[in-house]
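Asks: Here are the chains, one letter per residue:
Protein chains: 2
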Amino acid sequence: MRIGIDIMGGDFAPHNIIQGAIDAQVQLPDDVQLALFGDREQVIAYCHRVHFDPSFFDIVHTTEVIDMNDHPAKAFQQKTNSSITVGFGALNAGDIDGFASAGSTGAMLVGAMYTVKPVEGIIRPCIATEFPLLTGGRALLLDAGLNADCKPDVLYQYGILGAIYARDMNNLDNPRVALLNIGAEEEKGNLVTKETYKLMHGTTDFNFVGNVEANQLFSGEVADVIIADGFVGNIVLKQAEAIYVLSKKLKIDNAYFDRFNYELYGGTPVLGVNAPVIIGHGISSPLAVTNMIRQTEQAIRKNLITNIKQALRHQNYQ
Amino acid sequence: MRIGIDIMGGDFAPHNIIQGAIDAQVQLPDDVQLALFGDREQVIAYCHRVHFDPSFFDIVHTTEVIDMNDHPAKAFQQKTNSSITVGFGALNAGDIDGFASAGSTGAMLVGAMYTVKPVEGIIRPCIATEFPLLTGGRALLLDAGLNADCKPDVLYQYGILGAIYARDMNNLDNPRVALLNIGAEEEKGNLVTKETYKLMHGTTDFNFVGNVEANQLFSGEVADVIIADGFVGNIVLKQAEAIYVLSKKLKIDNAYFDRFNYELYGGTPVLGVNAPVIIGHGISSPLAVTNMIRQTEQAIRKNLITNIKQALRHQNYQ
Chain U
0 MRIGIDIMGG
10 DFAPHNIIQG
20 AIDAQVQLPD
30 DVQLALFGDR
40 EQVIAYCHRV
50 HFDPSFFDIV
60 HTTEVIDMND
70 HPAKAFQQKT
80 NSSITVGFGA
90 LNAGDIDGFA
100 SAGSTGAMLV
110 GAMYTVKPVE
120 GIIRPCIATE
130 FPLLTGGRAL
140 LLDAGLNADC
150 KPDVLYQYGI
160 LGAIYARDMN
170 NLDNPRVALL
180 NIGAEEEKGN
190 LVTKETYKLM
200 HGTTDFNFVG
210 NVEANQLFSG
220 EVADVIIADG
230 FVGNIVLKQA
240 EAIYVLSKKL
250 KIDNAYFDRF
260 NYELYGGTPV
270 LGVNAPVIIG
280 HGISSPLAVT
290 NMIRQTEQAI
300 RKNLITNIKQ
310 ALRHQNYQ
Chain S
0 MRIGIDIMGG
10 DFAPHNIIQG
20 AIDAQVQLPD
30 DVQLALFGDR
40 EQVIAYCHRV
50 HFDPSFFDIV
60 HTTEVIDMND
70 HPAKAFQQKT
80 NSSITVGFGA
90 LNAGDIDGFA
100 SAGSTGAMLV
110 GAMYTVKPVE
120 GIIRPCIATE
130 FPLLTGGRAL
140 LLDAGLNADC
150 KPDVLYQYGI
160 LGAIYARDMN
170 NLDNPRVALL
180 NIGAEEEKGN
190 LVTKETYKLM
200 HGTTDFNFVG
210 NVEANQLFSG
220 EVADVIIADG
230 FVGNIVLKQA
240 EAIYVLSKKL
250 KIDNAYFDRF
260 NYELYGGTPV
270 LGVNAPVIIG
280 HGISSPLAVT
290 NMIRQTEQAI
300 RKNLITNIKQ
310 ALRHQNYQ
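Residue numbers (numbering that gives the first Met the number 0), protein chains in the order written: chain U, 0 to 317; chain S, 0 to 317.
No wet-lab data here; the hints were simulated from the structure. Take these hints with a grain of salt, some might be off.
Which copy? The list can't say, so a pair holds if one copy fits it or any two copies do.
In silico DSS-like cross-links for lysine-lysine, where the CA-CA straight-line distance does not exceed 27 angstroms [as the list claims (entries may be wrong)]:
no.: 1; residue 1: Lys116; residue 2: Lys150
no.: 2; residue 1: Lys308; residue 2: Lys248
no.: 3; residue 1: Lys197; residue 2: Lys150
no.: 4; residue 1: Lys193; residue 2: Lys73
no.: 5; residue 1: Lys116; residue 2: Lys73
no.: 6; residue 1: Lys116; residue 2: Lys248
no.: 7; residue 1: Lys150; residue 2: Lys187
no.: 8; residue 1: Lys237; residue 2: Lys187
no.: 9; residue 1: Lys116; residue 2: Lys187
no.: 10; residue 1: Lys187; residue 2: Lys73
no.: 11; residue 1: Lys187; residue 2: Lys197
no.: 12; residue 1: Lys193; residue 2: Lys78
no.: 13; residue 1: Lys250; residue 2: Lys237
no.: 14; residue 1: Lys237; residue 2: Lys247
no.: 15; residue 1: Lys187; residue 2: Lys78
no.: 16; residue 1: Lys116; residue 2: Lys247
no.: 17; residue 1: Lys150; residue 2: Lys193
no.: 18; residue 1: Lys248; residue 2: Lys237
no.: 19; residue 1: Lys308; residue 2: Lys116
no.: 20; residue 1: Lys301; residue 2: Lys237
no.: 21; residue 1: Lys237; residue 2: Lys78
Required output: the full structure, derived from the provided sequences and hints.
Replies: What follows is the structure, encoded as C-alpha cells:
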C-alpha cells in the first residue's frame, strides 16, 4: 500500500513531519510505501542531517503551500501545485491509498469533499475524535465539528460510520453506540435528539445502547461511540482538551489525564468520503505525525472505506 | 427578610437540611429569619439532639412530601400540603422573600413557573450554574438545562439575566458575557448562535465580549458569564462535574479541581421569575444547604429580582 503525507502542513513543517515519517517508516511493515508531498530538497536535506536514507521515501515534489491564512476553497483550486492539492489528485487517481496532513483543516476538508467526494448514500460526511476511557481503551466522538446543524437522519448515519470505525480501528467486536443527550430516558433532549432516538431505537445497523449523558463520557461504562452534532461534539472535544491543558498547567501527574494527549491519537479522520483522509493537529510533534501515519495505514489495511460503503448500501432505517 | 427552606427535600432530608439551616442561622445577620417548611416534630427533635434552640426558626408545619418518583406537575397540584407547594404559596403571598429546596427539581420548576411566574417580558426563564476559574472567582453558565431548544431572542435575554446575576451575586462591576460557540469569529457556529451573535453584537444591555470556545471556559481570560441553550449548557455542566468526579476517583489532590465541588456553590438559581428560587443538589450536605441559604439571602439583599425587572423594561434590542 502507498500512504501519502503532506510534509508542508503544520506549525513545525516540514521537519516534524519528515521526522514523523522517518519514525513511521522504521515501524511499519515492508508492504507500506510512504509518499511525501512537498519540497524534495528539504526532505533530502533533513534526511541527510539525521542520517536517514531518503530513498526509502517516494518524494512527490510540489512547489506551493496552502497556509493558515489562505481561503481554503480558493487556495485548493488556485494553488494547483500545492502539497495538499497534488496529494488529493494522487489519492483520487488511486496513486496513493490514503492521505494525511497536519496542514490547513479547511483545505483538507475541501479536498475530501470535492475531490474524493462523499460515499454514495452519505448525506453529510463528518470528522471524528477520540478520548481515553477510565476502563482503558478509547471512545470515538462524531461529529467533532464539521456540521454544526445536523438533522436526525444525518446523526443516524454517524451511528453507522462510528460503529464501523470503532470496530475496524479500535478492534471492538460490537461497539456500543450512544446518543449524547441531557437525560438517559428516551423522551429527554432537544428536538433533534428526540427524533434521532426514535430513528436509532431498535436499529440493526449498529448496537444502539440509548442516550449517554456528559458525566458518563469518560467512565467507559456506557458507550464506545458517542453521536452528537458538530456543534455539541466540538464543544465536548474542546472541553476535553481543556482538561488535558489544565492538568499540565497544574502539574498534575496522572496516567489517565496523560492519555488525553492528542499526540497519542494520530489525527482526525474524515468519515464518509471515498478514501482514508486524516487531518493532523496543527502543532503536530513527530510522535503525532507517526501516529497519524499509522492510523492511515490501519484504515487502509482494515478496508475501512469498503466496509463503510457496504454498510451504507445495507442501511435499513429508511 | 424571611427565607423559606424546604426541609423535606433531598436525599438526606430532613437532617442535612436542618443542620444546614442551623449552620446558616449562626452565620447570617440578625435581620434574617429562616422559615422551615416541613414536619415540625422532626425539626424540634433534631434541634434538641444537637442542642440548638428551635425557636430561632419559624417552622411552617406541612404533612406531605413530593418525592423523586412523583410526577412534578401533578404532585405540586395534588399534594397541597407538601413542603414545596406550601412554600411557593408563602413566597407568592409575600410571607417569605425567597425559597430554597434540595428536593424535586421538577416540582420546584413547576412552582417557579406557575406560582411565582416569569418576570414580565421574559420569554423563557432558565437555570444557571457556576464553575471555578483558574484566575480565581467563578463563571456563570446559563441555561444549564431548562430549555433544550432556545431561539436567539431567548439567548439574548440570558445575556441580560446572567450579567445582572454575576454583578449582584459575584460582585463583578461589568461582567464579560460571551456566547459559547465553536469558533471565536462572528461567522462561526450553528444557525442559532450565528443569529444570536448578531443580536448581541453592539448591545448596550450587557458587556458582550463575543464568542468563547469550550477550551477557554475555565481560563478566566475570556468570560464571566457563558450563554448557551439548555442542551449545550447541560452537557458542559455535566462534563465539568465529570472532571471533579474523575479527580476524586483518581485521588488527585489539587486546589483548583477541588473548587469544582458543587457543595461550595449553593444551588441552582431559577432566573427570570418574580422571586428568588434556588434549587439545591439532591445529595446536599449541610455545607451545601448552608451555601444555598446564603445564596438566597444574597439574592434578596441585592434586590436581584427588582434589578432584573428593571433591566427587562429597558432592554433595547427589539
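Asks: So, for every hint listed, does it hold in this structure?
Replies: Quick rundown of the hints versus the structure:
1. Lys116 / Lys150: Close inside one copy (20 angstroms), not across copies (34 angstroms); limit 27 angstroms.
2. Lys308 / Lys248: Neither. Shortest intra-copy (43 angstroms) and inter-copy (42 angstroms) distances fail the 27 angstroms Cα cut-off.
3. Lys197 / Lys150: both (13 angstroms within a copy, 24 angstroms between copies)
4. Lys193 / Lys73: Between copies only: 23 angstroms across chains, 39 angstroms inside a chain, cut-off 27 angstroms.
5. Lys116 / Lys73: Cα proximity of Lys116 and Lys73: one copy only (17 angstroms, versus 53 angstroms across).
6. Lys116 / Lys248: Neither. Shortest intra-copy (41 angstroms) and inter-copy (45 angstroms) distances fail the 27 angstroms Cα cut-off.
7. Lys150 / Lys187: Classified as both: same-chain Cα gap 17 angstroms, cross-chain 19 angstroms, threshold 27 angstroms.
8. Lys237 / Lys187: both (24 angstroms within a copy, 15 angstroms between copies)
9. Lys116 / Lys187: Cα proximity of Lys116 and Lys187: across copies only (24 angstroms, versus 35 angstroms in one copy).
10. Lys187 / Lys73: Between copies only: 19 angstroms across, 43 angstroms inside.
11. Lys187 / Lys197: within (12 angstroms within a copy, 30 angstroms between copies)
12. Lys193 / Lys78: Neither: 44 angstroms inside a chain and 31 angstroms across chains, both beyond 27 angstroms.
13. Lys250 / Lys237: both (20 angstroms within a copy, 24 angstroms between copies)
14. Lys237 / Lys247: Both: 15 angstroms inside a chain and 22 angstroms across chains, each within 27 angstroms.
15. Lys187 / Lys78: between (48 angstroms within a copy, 25 angstroms between copies)
16. Lys116 / Lys247: neither (39 angstroms within a copy, 46 angstroms between copies)
17. Lys150 / Lys193: Classified as both: same-chain Cα gap 11 angstroms, cross-chain 18 angstroms, threshold 27 angstroms.
18. Lys248 / Lys237: Result: close both inside a copy and across copies, 16 angstroms intra and 22 angstroms inter.
19. Lys308 / Lys116: within (13 angstroms within a copy, 54 angstroms between copies)
20. Lys301 / Lys237: neither (29 angstroms within a copy, 36 angstroms between copies)
21. Lys237 / Lys78: So Lys237 and Lys78 fail the 27 angstroms test inside a copy (31 angstroms) and across (45 angstroms) alike.
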